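With the hints in hand, could you dock these two chains into one complex?
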Amino acid sequence: MTDRRIGVYICYCGGNISDYVEVEKVRVAISRDPGVVVAKTTMFACSDAAQEEMIEDIKTNKLDGLVVASCSPKLHLFTFRAVAERAGLNPYQYVQVNLREQDSWAHQHDKDQATEKGIRLVRAGIAKCALTEPLSTMRIKTAPRVLIIGAGVAGLRAALSLSDMGLSVFVIEKEAEIGGWVGKFGSMFPNDRKGIDLIGTLAGEAGQRDNIKIFTSSELIEKGGSIGDFSVVIQVEGKEKISLNVGTVIVATGFDSYRLTEGEFGYGLDGVITLPDFKMMLDKSNGSLAFNGRKIKDIAYIYCVGSRQPREMENPNLYCSRYCCTAAVHTSLEVGKKDKSIHQFHLYRDMRTYGKYELLYNSALNNGSVFIKYADDDFPKVERAGDKVHIKVKDLLSHGEEFDIEVDLLILVTGMIPRKNNKLADVLKLPIGMDGFFNEIHPKLRPVETVIDGVFIAGASQGPKTLAESVTSSMAAVSKSAALLMKGYVDLEPLIAKIDPERCVWCDECTKACPYGAIEKVSADGKEVARIIPSLCKGGGTCVPLCPQDAIDVEGYTDVQITAMIDSLIKEVK
Amino acid sequence: MTRVDSKFIDEIKTSESFNASACMNCGVCTAVCPMGLDILPRQLFRYVIIGVEDRVLENQETIFSCLMCKMCEQNCPAGVNITENVRTLRTYISRKVFGLLRN
Ligand SMILES: Cc1cc2nc3c(=O)[nH]c(=O)nc-3n(C[C@H](O)[C@H](O)[C@H](O)COP(=O)(O)OP(=O)(O)OC[C@H]3O[C@@H](n4cnc5c(N)ncnc54)[C@H](O)[C@@H]3O)c2cc1C
Ligand code: SF4
Ligand code: SF4
Chain A
115 MTDRRIGVYI CYCGGNISDY VEVEKVRVAI SRDPGVVVAK TTMFACSDAA QEEMIEDIKT
175 NKLDGLVVAS CSPKLHLFTF RAVAERAGLN PYQYVQVNLR EQDSWAHQHD KDQATEKGIR
235 LVRAGIAKCA LTEPLSTMRI KTAPRVLIIG AGVAGLRAAL SLSDMGLSVF VIEKEAEIGG
295 WVGKFGSMFP NDRKGIDLIG TLAGEAGQRD NIKIFTSSEL IEKGGSIGDF SVVIQVEGKE
355 KISLNVGTVI VATGFDSYRL TEGEFGYGLD GVITLPDFKM MLDKSNGSLA FNGRKIKDIA
415 YIYCVGSRQP REMENPNLYC SRYCCTAAVH TSLEVGKKDK SIHQFHLYRD MRTYGKYELL
475 YNSALNNGSV FIKYADDDFP KVERAGDKVH IKVKDLLSHG EEFDIEVDLL ILVTGMIPRK
535 NNKLADVLKL PIGMDGFFNE IHPKLRPVET VIDGVFIAGA SQGPKTLAES VTSSMAAVSK
595 SAALLMKGYV DLEPLIAKID PERCVWCDEC TKACPYGAIE KVSADGKEVA RIIPSLCKGG
655 GTCVPLCPQD AIDVEGYTDV QITAMIDSLI KEVK
Chain B
147 MTRVDSKFID EIKTSESFNA SACMNCGVCT AVCPMGLDIL PRQLFRYVII GVEDRVLENQ
207 ETIFSCLMCK MCEQNCPAGV NITENVRTLR TYISRKVFGL LRN
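Protein chains in written order, with my numbering: chain A, 115 to 688; chain B, 147 to 249.
I should point out that these hints are in silico values taken from the structure, not numbers from a laboratory.
Hints should not be assumed to be uniformly reliable.
As the list claims (entries may be wrong) - Listed below are several chain A residues computed to face chain B (Cβ distance under 7 Å; list not exhaustive):
1. Met252
2. Phe405
3. His457
Said to hold, decoys possible - Computed footprint of chain A on chain B; a stretch qualifies when at least three of its residues, placed anywhere within it, have a C-beta under 8 Å from a C-beta of chain A:
4. 148-155
5. 195-201
Just so it is clear, the structure is predicted and the values come from calculations on it, not from any experiment.
Using N, Cα and C, we set each Cβ at its ideal position, and we do this for glycine too.
Looking at chain B on its own, in the form it has when it is part of the complex (with noise of 0.2 Å):
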């Protein structure tokens, strides 16, 4: 069972740069994905969506692997940022686990 938490859609939100709303889960994104990262990204911006940051540090090493070739962006057709979205996903683990950065 994973627990949702509205304070880590909070954290995302503020940041302004996370979305993945308009994503309906087609999964293009990790039929060309080069690195056959196949939770990336649509399962993990889900969890993202509804708020269980467990299963998102879970997947730090995925969300570092990306290449940020932005084939699957290109190839989105929600048109949704997705390594923008990766991005302030990674901003945030440096933040919240490494304490790289400071707000």
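One chain only, chain A, in its complex shape (with noise of 0.2 Å):
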């Protein structure tokens, strides 16, 4: 038995539960349990009214638990716990029970077995309510600074932002000269700005700013702390060590492009060179292009290398890099623009000019250019004869017919891949991506987010991105880096691992299974004890079963609580 005075609601959600589970009969079934002082039903738990009509009873009843069923905590925990809250009572005491989709939405075609169900559900909550204990959440306080790794474009332009909100920011740049891949272009999609003025204007504009400041030749070498309040060292030039307190850390650090082996698609021979090296090459010349000294008349692009590639190959990169396509169309379009007499072939797979870079790819069909498709399992063949490059290519809009086609100059259209940055990844626990970029908790949800809280991700260091779709994502990671920072503190779960001491012997187990480094060695009483460090432990309770001592339990979760719910569940209902 237990002396607690717990209220459960259970709610009609105007039909979604009450069309298939009895909700009345839910509420008979379970008005006896063990600590039920008030047992209603409502038909929106979650109306100002209904609020209001818990708020009273608490206060009245004197309750110490509160139990609602209803929809998903996904929607409505925080709602409720700030029902406990203002009616006096811990909001830790409080319990959802989901009815709607883990019950009513689930079992449509079986009203008895689905009140059966409900009246488990909400008895098993009972009893975890019983179980609880209050607790409190931490509350840390923020360091009103941001360190932004990669000063490249998405690296620079979060920088302002963040200094126009007030906040300092600390720039590592692991080259000598910062911009990243922007500062070495000249006209680029979608509006033909020179990459150069872009990287020099926000350069400029970050000089006069004196909440920022920019290291080049720099390196995170060391991550402690958590959320709001990470202490982190820097070396600058390989030597001096600096150490910094920030709040949140933006990672920017960029992509590679494609890095080809001796011979594929013809690299290596004279006349064959990537994109990147060929956009450098035609923002240098004025007028009339030369290769080695000899005048180019005939181009070639072979686009998806090194993107899209065939799963059989050992590595595959699998994704298409987006940028390219568009990238090319819009250097072809330069380069008719330097000399028109140039003619110009596309070999591609498919072609992905994207949403309105389309209009580029039509610029480029209207000028000349000639697009021949190739098949996914039959790529290009590249030689070199004379002073030409020869390339066969088998063109699938003329039934497979294959052509030779001639050309001075073949450009390999290069896709992007992640930088080689395993140092950073360790220092800072980074999660990598199928694909080797960094990853995010979820593309559409929390798309700027990592698993380490207050490290957000930007730019092309998350997977193939334009310019602008670098910067939308720096602008996220800004806004998120702000919201928190500029609140002044971060309130944290309290719904994390505890270790009892008494029971622990140090055996190390649990420190190797945390992903997250969240536990550590302490001495307690004159023995070696392991203690969680609350600000890093999320809770996810991975340690816990790996204790042969059962000395750790999750709050929120414990196993008394767990136990007590799965009797519950398997009480006899009738």
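The structure is reproduced here in structure tokens:
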């Protein structure tokens, strides 16, 4: 038996639940359960009137536990925690039972069984609630400073926006020059603005801000602390070490261009170069184009080099690099501006100049560029003969007829690959996706957050992106950082692991299991035991089943709570 | 193997009246051709666009068999000037092969 005083509210959800679960029956069945003092049904538990009624009941009946059986906690966990709080009840003594997604919506064909399951679920919620204890969130003061890693367009743009909001920014760049790829390019799509000018403007602006400090030839070598209060050490020019205290970290380390092996698509032959190299060459040339002293009259491009590779290859890059079709088409328009008489052959697999970039494709088509579609499993072959490069390609639009094209220059349209940044990933413990780029938690729902709280990713470090897309994601990382730091503090959920030092014998099993490094060794009463670092623990519970001493529990999901829930679930209903 | 000859592209291009870049190879033209000219126009135009003169010259018969009825052109969803293109090719062949026209 229990001496707890629990209030239970079962929601109709306007028919969403009550059409398939006999809500009144559920109420009657659980109303005599141990600890239940109030048991009510309600049309909409989340309505203002219902919330007020709960508050009133909690106060007058001196309730010390609250159960609402309604929709998913994803929707209303915080609503009802707030109800508890407003009534003077600890919000962690509130338990939500999901009667909608887990019951009524799942069993629309069988009202009796759904009702029975509803009774069991609510009963389990009550049993858990009877074992709750008051918990409090941990409030951490945040440092109003951000560390940005990588001074490409994504990093620089983020720095300026954070500075606009009054936050201090440290930017570290591995190279001696800032600007990343964009800083190396001339005219870029979509509006022909020069990359060099764009970076010049951003850098000029950043240089005038007192609250932005840029370190070049620098790297992050250590990271400690946690969200809102990281302590990091950077090494400048391989020598001087600087310690900083920052609230959040934005990783904007960008990408690398696909590296070809000798002979791949003729790479290594005179007259075969990559798109980045050609772009830089084109930007420098004035008037007519020449390569190794020879005037260029015919150009070919081979698309999808290093992207969308065949599965049977060793470690293939399966993804589309998104930027390259458009970049190559745009580059060919730039070529046309310099010399209209140059013939340009585009050997593609699929033309993916998506959205408004299709206009560029149309211009190229109308300006005389020839597009030839090759098959996924039959790549163009390249060889050199005399002072020309010969490409043999089967054109799918001519029923696979093979053509021999002779050009002065072949441009390999290389895709984006992840930049080799093992050291950084190691220091930050950043998860890396299947494609080798840094992984966000969810591409749609949490697109710039990582599993490391307070560490965000932005730009092409996340995966292939155009300039505009890189800046968009860096703005998302800025708003995430600013929302956190401008409040001045962050509240952390107390639903984390705790270790019983009496039982712990420091066997080290748990530390090895924790993916977040949230367990440390401490001395307590003369013996070595494990301790949870609250700000790092996410309450995932990987450590719990591994502890041979049963010394670990996760708050809110303790062994006794889970056992009590199971016992109630299997109780006789009728 | 068919050799691409970019000079041919220039020669046709300078006529300005040939334009098939909008063609998306759907085949509607072939389907409605009363003469059943199955290489005309899409395959033939592809040879012109890519720049293989040999293939174009091999198909003189077809090029001169066209009725200029504009059935294909009426039905082309991409608005390719099919008959005007065929006329350009005839002019080209008349000049290049038969020496009938002066520049
Ligand atoms: C040939 C080519 C043409 C393109 N043309 C266009 C175009 O016309 N239009 C368009 O929209 N996009 C274009 N792009 C894409 C564009 O370049 C990218 O979208 C953009 O560069 C991404 O910016 P970023 O800041 O994320 O990455 P990056 O430009 O790669 O910058 C990342 C920076 O981080 C630094 N860094 C990396 N690791 C570390 C570390 N551990 N510590 C410190 N610093 C580090 C790097 O040195 C670099 O300066 C083109 C790309 C290529 C290759
Ligand atoms: S953007 Fe184009 S060239 Fe690049 S991988 Fe995708 S389809 Fe291939
Ligand atoms: S109908 Fe028009 S678009 Fe379709 S294949 Fe013929 S010419 Fe090309």
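Evaluation of the provided hints:
1. For A/Met252, the interface hint is violated, since its Cβ never comes within 7 Å of a Cβ in chain B; the closest pair sits about 62 Å apart.
2. Interface restraint check: A/Phe405 against chain B, minimum CB-CB distance 17 Å, threshold 7 Å, status violated.
3. Given the 7 Å rule on beta carbons, the hint for A/His457 holds: about 4 Å separates it from the nearest Cβ of chain B.
4. Counting residues of the region 148-155 of chain B whose C-beta sits closer than 8 Å to any C-beta of chain A gives 5, which meets the bar of three, so the coverage hint holds.
5. Counting residues of the region 195-201 of chain B whose beta-carbon sits less than 8 Å from any beta-carbon of chain A gives 4, enough to reach three: the coverage restraint holds.
Hints 1 and 2 from the earlier list are contradicted by this structure; the remaining hints agree with it.
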